[in-house]
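Sequences and hints are given; from them, build the entire structure.
The listed protein sequences derive, respectively, from chains A and B. At position 55 of the first sequence the residue is numbered 55 (the numbering used here), and the sequence of numbers has no breaks. At position 136 of the second sequence the residue is numbered 1136 (the numbering used here), and the sequence of numbers has no breaks.
For the record, the hints were derived by calculation from the structure and aren't laboratory data. Remember, it's a predicted structure, so these values are computed and weren't measured experimentally. One or more of the hints may lead you astray.
To be verified - According to the in silico footprint, chain B covers these stretches of chain A (three or more CB under 8 Å from chain B): (1) 17-27; (2) 49-61; (3) 66-75; (4) 100-111.
Each residue gets a CB set at the ideal place from its N, CA and C atoms; glycine is no exception.
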Amino acid sequence: MLDFLRGFGLLTVFFLLGNLLHQHGVPIPGGVLGLLALYLALALGLVQLKWVERAAGLMLRHMVLLFVPLTVGLMDLGPVLSRQAVAILVSLLVSFLAVLLSTGLLGRWLLAEETVSAVASTGPSAPEAEK
Amino acid sequence: MISLAEIVRTPAFSIVLTVSCYAVALALHRRWRAVPPIVAACVPIIAVLLLLREPYAAYNRGGDLLTWLLGPATVALAVPMYRQGKFLRPSLPRLALIVFAGSLVGMVTAGGTAWLLGAPRSVVLSAVPKSVTTPIAIEVCRELNGIPQITIAMVILAGVLGATFGPLLLRLVGVGEDRSVGAAVGTSSHGIGTASLVRHSERQASASSWAMAAAGVFTSILAALLALLLR
Chain A
1 MLDFLRGFGL LTVFFLLGNL LHQHGVPIPG GVLGLLALYL ALALGLVQLK WVERAAGLML
61 RHMVLLFVPL TVGLMDLGPV LSRQAVAILV SLLVSFLAVL LSTGLLGRWL LAEETVSAVA
121 STGPSAPEAE K
Chain B
1001 MISLAEIVRT PAFSIVLTVS CYAVALALHR RWRAVPPIVA ACVPIIAVLL LLREPYAAYN
1061 RGGDLLTWLL GPATVALAVP MYRQGKFLRP SLPRLALIVF AGSLVGMVTA GGTAWLLGAP
1121 RSVVLSAVPK SVTTPIAIEV CRELNGIPQI TIAMVILAGV LGATFGPLLL RLVGVGEDRS
1181 VGAAVGTSSH GIGTASLVRH SERQASASSW AMAAAGVFTS ILAALLALLL R
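Spelled out as structure tokens, the structure:
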């Protein structure tokens, strides 16, 4: 419990720090600035992974709970949604395919040569990953 | 004597209602995998509010407290990103390039398609962050003056599409290598896609969770540039 509180406290402090930077003109959302700051602190060893690991795991597992209240707001948006349903769905589908395939194909191209050497060096463990 | 209406309007009522509907939704999801928890949680809440003739704004006074927690939850993404980054170190610069390109493609194609179909500006801008994880997508949508609810609906659909068809579609175009599959699913379908990979390949899931956090960071930086252009 104490472990969780420390982790949650740290996540909140980094979020508030990010918000502060955002309010002082950095045009990136406070949460993302907090994420970058925490990443940096972990990389520099200022914060240890075990201090935040459990709280972060819990928050990420139950993130859906946190966006329920905003989603309930759809109840006021019925008219906009039904008028724009086609644009929303087509744009979603087109963009989903574009991102998935461009990222995947770029990955196949850029990560290709290394895969060959990785398969050669790891040998028997390679088929393991195919499952 | 406190009336029922007064109890209903307290923030505590909203929170208790939300948390209990979420708990029931999780139980339903555990039994029937096809039921998305977000839908199963929201439908009964909307039904209760409509039955009690309570406006959304009254419910959201308590809801706002839960929404606020999305901030620390965004910060929490640094943990999987840092942890997976250690495993992926040799390919990290190339992975970053791939995810950056994918994020840019996502923003341009989502906004562009909605715009070509004649959607109003607020809907076009709501579509822009649709590939990234919900808390970041909401923030980016707000920065762009979009409608967060539209963004959320699109984010969830993108996640479900990627979790269901992502690896299959990638195999059709000859992408089967673990890090590429992970990067593609994480960039296009964030946490929902990543969760679906966990079950069959740890290497894919690791690349995917790194990509999902990185895509969120890149998209918010690109959106800041877009906001400058729109000003």
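Going through the hints against the structure:
{"no.": "1", "hint": "17-27", "in the structure": "holds (count 3)"}
{"no.": "2", "hint": "49-61", "in the structure": "holds (count 8)"}
{"no.": "3", "hint": "66-75", "in the structure": "holds (count 10)"}
{"no.": "4", "hint": "100-111", "in the structure": "holds (count 11)"}
Every hint, counting from the list given before, is met by this structure.
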